[in-house]
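Sequences and hints are given; from them, build the entire structure.
As they're listed, the protein sequences go chains A and B. Under the UniProt record's numbering, the first residue of the first sequence carries the number 1, and numbering increases by one thereafter. Under the UniProt record's numbering, the first residue of the second sequence carries the number 1, and numbering increases by one thereafter.
Treat the hints with care, since some could be wrong.
It does not matter which identical chain is meant; a pair holds if it fits inside one copy or across any two.
[What the hints assert, rightly or not] Under the rule of at most 27 Å between Cα atoms (straight-line distance), these lysine-lysine pairs were calculated in the DSSO-like manner:
#1 Lys-303 with Lys-234
#2 Lys-268 with Lys-475
#3 Lys-243 with Lys-386
#4 Lys-303 with Lys-243
Keep in mind that the hints were calculated from the coordinates and are not lab data.
Number of protein chains: 2
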Amino acid sequence: MKQRRKELVFILLITLLFNMPGYAQQKPNVIVFLVDDMGWQDTSLPFWTQTTPLNKRYHTPNMERLAKEGMKFTNAYATPVCTPTRISLISGMNAAHHKVTNWTSPQNNVSSDNNDEQFSPAPWNYSGLSPKTGIPNTIYATPYPQLLKEAGYFTIHVGKAHWASIGSPGANPYNLGFMVNIGGHAAGHPQSYYGQDFYGNKPGKNTLQSVPDLEEYYGTETFLTEALTLEALKTLEAPIKNKQPFYLNMAHYAIHTPIQADERFYQKYIAAGLAPVEAKYASLIEGMDKSLGDIMDYLKAKKADQNTIIIFMSDNGGLSLAPPRAGTAHTQNLPLKAGKGSVNEGGIREPMIVKWPGVTKPAAVANQYVIVEDFFPTILEMAGIKNYKTHQKIDGKSFVPILNNANYTDNQRALYWHFPNKWIPEDGPGINYKSAVRQGDWKLIYNMRDGSTELYNLKEDIGEQKNEAAAYPEKAKALAAKLGTQLKEWEAPMPVVKATGKVVAMPGLTGN
Amino acid sequence: MKQRRKELVFILLITLLFNMPGYAQQKPNVIVFLVDDMGWQDTSLPFWTQTTPLNKRYHTPNMERLAKEGMKFTNAYATPVCTPTRISLISGMNAAHHKVTNWTSPQNNVSSDNNDEQFSPAPWNYSGLSPKTGIPNTIYATPYPQLLKEAGYFTIHVGKAHWASIGSPGANPYNLGFMVNIGGHAAGHPQSYYGQDFYGNKPGKNTLQSVPDLEEYYGTETFLTEALTLEALKTLEAPIKNKQPFYLNMAHYAIHTPIQADERFYQKYIAAGLAPVEAKYASLIEGMDKSLGDIMDYLKAKKADQNTIIIFMSDNGGLSLAPPRAGTAHTQNLPLKAGKGSVNEGGIREPMIVKWPGVTKPAAVANQYVIVEDFFPTILEMAGIKNYKTHQKIDGKSFVPILNNANYTDNQRALYWHFPNKWIPEDGPGINYKSAVRQGDWKLIYNMRDGSTELYNLKEDIGEQKNEAAAYPEKAKALAAKLGTQLKEWEAPMPVVKATGKVVAMPGLTGN
Chain A
1 MKQRRKELVF ILLITLLFNM PGYAQQKPNV IVFLVDDMGW QDTSLPFWTQ
51 TTPLNKRYHT PNMERLAKEG MKFTNAYATP VCTPTRISLI SGMNAAHHKV
101 TNWTSPQNNV SSDNNDEQFS PAPWNYSGLS PKTGIPNTIY ATPYPQLLKE
151 AGYFTIHVGK AHWASIGSPG ANPYNLGFMV NIGGHAAGHP QSYYGQDFYG
201 NKPGKNTLQS VPDLEEYYGT ETFLTEALTL EALKTLEAPI KNKQPFYLNM
251 AHYAIHTPIQ ADERFYQKYI AAGLAPVEAK YASLIEGMDK SLGDIMDYLK
301 AKKADQNTII IFMSDNGGLS LAPPRAGTAH TQNLPLKAGK GSVNEGGIRE
351 PMIVKWPGVT KPAAVANQYV IVEDFFPTIL EMAGIKNYKT HQKIDGKSFV
401 PILNNANYTD NQRALYWHFP NKWIPEDGPG INYKSAVRQG DWKLIYNMRD
451 GSTELYNLKE DIGEQKNEAA AYPEKAKALA AKLGTQLKEW EAPMPVVKAT
501 GKVVAMPGLT GN
Chain B
1 MKQRRKELVF ILLITLLFNM PGYAQQKPNV IVFLVDDMGW QDTSLPFWTQ
51 TTPLNKRYHT PNMERLAKEG MKFTNAYATP VCTPTRISLI SGMNAAHHKV
101 TNWTSPQNNV SSDNNDEQFS PAPWNYSGLS PKTGIPNTIY ATPYPQLLKE
151 AGYFTIHVGK AHWASIGSPG ANPYNLGFMV NIGGHAAGHP QSYYGQDFYG
201 NKPGKNTLQS VPDLEEYYGT ETFLTEALTL EALKTLEAPI KNKQPFYLNM
251 AHYAIHTPIQ ADERFYQKYI AAGLAPVEAK YASLIEGMDK SLGDIMDYLK
301 AKKADQNTII IFMSDNGGLS LAPPRAGTAH TQNLPLKAGK GSVNEGGIRE
351 PMIVKWPGVT KPAAVANQYV IVEDFFPTIL EMAGIKNYKT HQKIDGKSFV
401 PILNNANYTD NQRALYWHFP NKWIPEDGPG INYKSAVRQG DWKLIYNMRD
451 GSTELYNLKE DIGEQKNEAA AYPEKAKALA AKLGTQLKEW EAPMPVVKAT
501 GKVVAMPGLT GN
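Okay, here's the thing in structure tokens:
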């Protein structure tokens with residue numbers, strides 16, 4: 001009887017304990033630090049096997065610090081442009097599947113595709129993501145911040161949103177599971193990074209790119225990157241104090257165009273001999289890196305660093321059009337080929353770092369390839385959220401096993417890219433009307449214009465210079481079929497040949 | 001020994017219990033539903049002893065409903081214009097004390113005062129409220145949302161903020177203790193209530209009054225009042241689910257100019273024979289009233305109504321300038337004299353209703369006078385927050401005793417108004433350069449232009465038509481001295497006589 005009572009008291013205590021705020025606190029905080037348009041080499045942290053001239057040009061001490069404390073991913077991928085990446089991230093779906101394959105215009109129901117002589121546009125979802133069904137030209141999906149919020153997380157978005165067009169629910173981060181939104185809306189870049197310009201809100205001067213919510217800094221010299229960081233840190237005060245787990249989507253507008261000087265760092269790069277536009281670009285990078293450091297410092301000062309996961313990522317490759325970049329076009333991400341907008345590595349391979357205290361080992365390096373839709377199941381797994389319901393089928397795969405073991409290897413998994421759009425008026429390397437697949441070290445690119453394919457061995461040829469399609473026809477055929485089969489399963493949008501009215505064939509399925 | 005152990009287990013259980021989320025839930029939610037520029041008679045709910053023609057003109061069924069469920073205050077006061085009221089509310093200070101005596105320009109360090117032939121401007125705090133020290137032309141004070149936040153409340157601001165000018169910290173509700181801000185900034189009115197106008201954000205058409213954060217509704221027919229209500233309800237979802245107490249500052253832009261038709265209600269008032277501008281005005285009121293009803297319905301549906309206090313208030317009297325109002329100027333708040341901008345009752349007496357489930361009795365009516373700085377100590381008392389520290393000395397007095405007892409009476413307390421500013425180019429009744437005091441049924445108005453005073457008995461003469469100063473010289477003298485003594489204690493700003501360079505004398509102190 002006495003034993004029985006002891007047991008009851010024990011059960012009661014345990015029950016109470018698991019309902020206490022302190023227990024909820026055990027859930028880790030998660031910060032996704034998402035940079036815009038940052039290339040794989042736009043950092044002093046080498047992601048390749050060698051230190052490159054670009055690594056020497058840029059100064060990102062806080063990325064180095066984060067990599068020292070966590071795990072560097074050398075083969076992390078996004079999509080060629082921003083909205084598809086942001087929607088893959090938040091929905092867990094591949095771009096070919098969610099069909100928001102190009103960037104969304106802030107204007108409602110306007111496709112951002114350029115006109116093309118050969119093709120009529122593919123039926124892509126040019127109005128973006130929707131948390132509700134029945135919104136034209138959108139993908140209806142459940143964003144993971146909604147699941148985090150339902151699980152008790154304090155969910156915060158700061159910075160660039162760009163998930164959907166104005167006049168649609170996805171334009172509003174409050175509809176995507178966020179409890180706080182500062183500065184995020186339908187636009188994909190800021191009108192201005194300068195407080196002196198009111199970030200684009202001077203009376204009579206606004207555009208759809210004017211950044212909202214920052215009047216405190218109007219007329220001051222506060223650079224947009226700094227203003228967003230200061231605002232983000234304010235939002236963390238309450239959840240840390242209340243021991244409520246938080247999710248912070250720290251989505252910088254930097255380093256997207258307009259390429260404006262962050263004056264805190266600009267002169268140093270001019271002194272180093274860079275062309276003005278490149279000095280501005282480098283200053284945008286270092287300003288972003290300072291933000292990362294400020295957040296890490298804040299967490300440490302608040303004693304929240306040991307319970308906070310930081311995931312650093314970019315949304316697509318560095319811009320390689322010249323102008324606005326200096327130098328020869330498509331050399332800005334060397335050794336990678338091309339840049340933003342391309343399915344070549346320069347357009348899709350990203351600097352990614354993950355620090356999960358107690359899980360990732362310091363200075364770990366993972367070479368396993370991952371892709372941005374993997375963030376969805378990973379973050380929910382980190383938060384201990386299981387058996388969740390989503391409207392969409394999730395394509396991503398949790399990379400928690402990699403975080404547990406940097407040597408984790410899976411050469412059978414295939415990653416897919418699909419860009420049936422005309423991003424810029426003139427085609428470039430890997431740019432406009434391309435699909436791609438990577439499996440192991442092999443990557444195949446499909447050109448919708450003529451059905452041709454390119455095959456590269458990324459281990460031997462990271463620069464995608466040597467097309468091995470003729471040398472390895474069976475490999476090319478197999479990968480093309482794999483790509484085509486997957487695109488068909490996802491019912492990926494394809495452009496239409498104007499001359500025939502026929503939809504462009506998917507690779508490998510009709511004998512291309 | 002056995003008894004001892006029982007005690008220990010009991011203490012342990014109690015300790016655990018008080019740390020559980022369920023315990024925190026016992027703190028009531030608080031909603032301040034603040035309307036802009038709504039007069040005491042701008043409602044179908046009679047606040048006077050009689051039902052007036054204006055009560056018959058307007059339709060506010062949800063105010064009637066709230067009054068049926070809670071307590072109506074017939075003698076509730078604000079200040080003559082909006083910013084002073086908003087700062088008194090959030091700081092607990094009288095306007096003469098915080099010295100933000102007129103509305104703040106959204107532009108930094110710009111006084112909104114009109115030029116005057118007789119006077120140079122009083123040294124008022126024309127940049128507004130600051131949560132930090134050392135900001136020029138601001139009052140440094142601790143806002144109560146900060147104290148609520150620190151006590152674990154989820155603090156939300158939706159709608160008009162207007163606490164400080166751009167480029168200053170007070171322009172940003174995130175610096176004033178709010179964890180969420182939707183639509184609030186430095187501006188005092190919306191550029192447009194229409195979604196079709198992007199609420200003033202159409203490219204190239206913006207002003208400092210363009211309302212931020214509502215891109216979801218751009219191009220739709222969603223009236224601003226409705227958009228803000230929809231956004232506010234979204235913010236309540238998480239705290240209700242998490243059983244975290246919330247504070248919602250639901251601060252409508254309605255019914256401030258521009259007087260635009262809320263099309264959901266406009267035709268009905270045209271059909272009733274109102275002039276177009278008055279039909280628009282009435283539609284703004286009914287749209288606001290619908291918002292109140294929607295919030296009440298939402299709380300009920302979420303079973304949160306029994307734990308949520310609703311305080312309905314306006315920030316100053318109804319606009320009585322004509323144009324833009326129809327009819328004869330200063331007749332729009334009858335039986336009250338004048339309107340917005342005036343220290344006469346039409347400028348300062350407000351429709352106020354408080355529903356505190358379990359405390360206020362249904363359909364209760366309180367005739368005790370209260371003033372907007374009373375909200376500060378009242379709300380903190382409602383939230384059970386004691387011994388809080390503020391930078392400022394609080395002038396307000398909790399009205400919780402009134403909520404407990406509608407018959408509570410205090411005829412000794414004095415209320416003060418101070419407007420040493422030039423609001424409009426031509427003086428009007430009670431408008432420009434006036435101070436006032438009310439004690440019991442007596443009210444004295446001091447005219448800075450000539451040092452004259454007016455004395456009214458509000459019980460007998462709510463319309464302030466019969467100046468009793470000559471009939472009751474001792475009463476007038478005593479009240480003038482009381483007013484002057486208090487203004488002196490607060491070091492209230494006074495204008496300067498241009499001709500002499502001398503500061504205008506405070507009432508009752510120098511034999512005026």
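- Message: Please sort Lys-243 with Lys-386 into within, between, both or neither, judging by C-alpha distance up to 27 Å.
- Response: This pair counts as both: shortest intra-copy Cα distance 22 Å, inter-copy 22 Å.
- Item | Up to 27 Å CA-CA - Lys-243 versus Lys-303, copy category | both (12 Å within a copy, 26 Å between copies)
- Indicate which option fits the pair Lys-268, Lys-475 if close means a Cα-Cα distance not exceeding 27 Å: within, between, both or neither. So Lys-268 and Lys-475 fail the 27 Å test inside a copy (48 Å) and across (73 Å) alike.
- Up to 27 Å CA-CA - Lys-234 versus Lys-303, copy category: within (16 Å within a copy, 31 Å between copies)
Of the hints listed earlier, the one the structure fails to meet is number 2.
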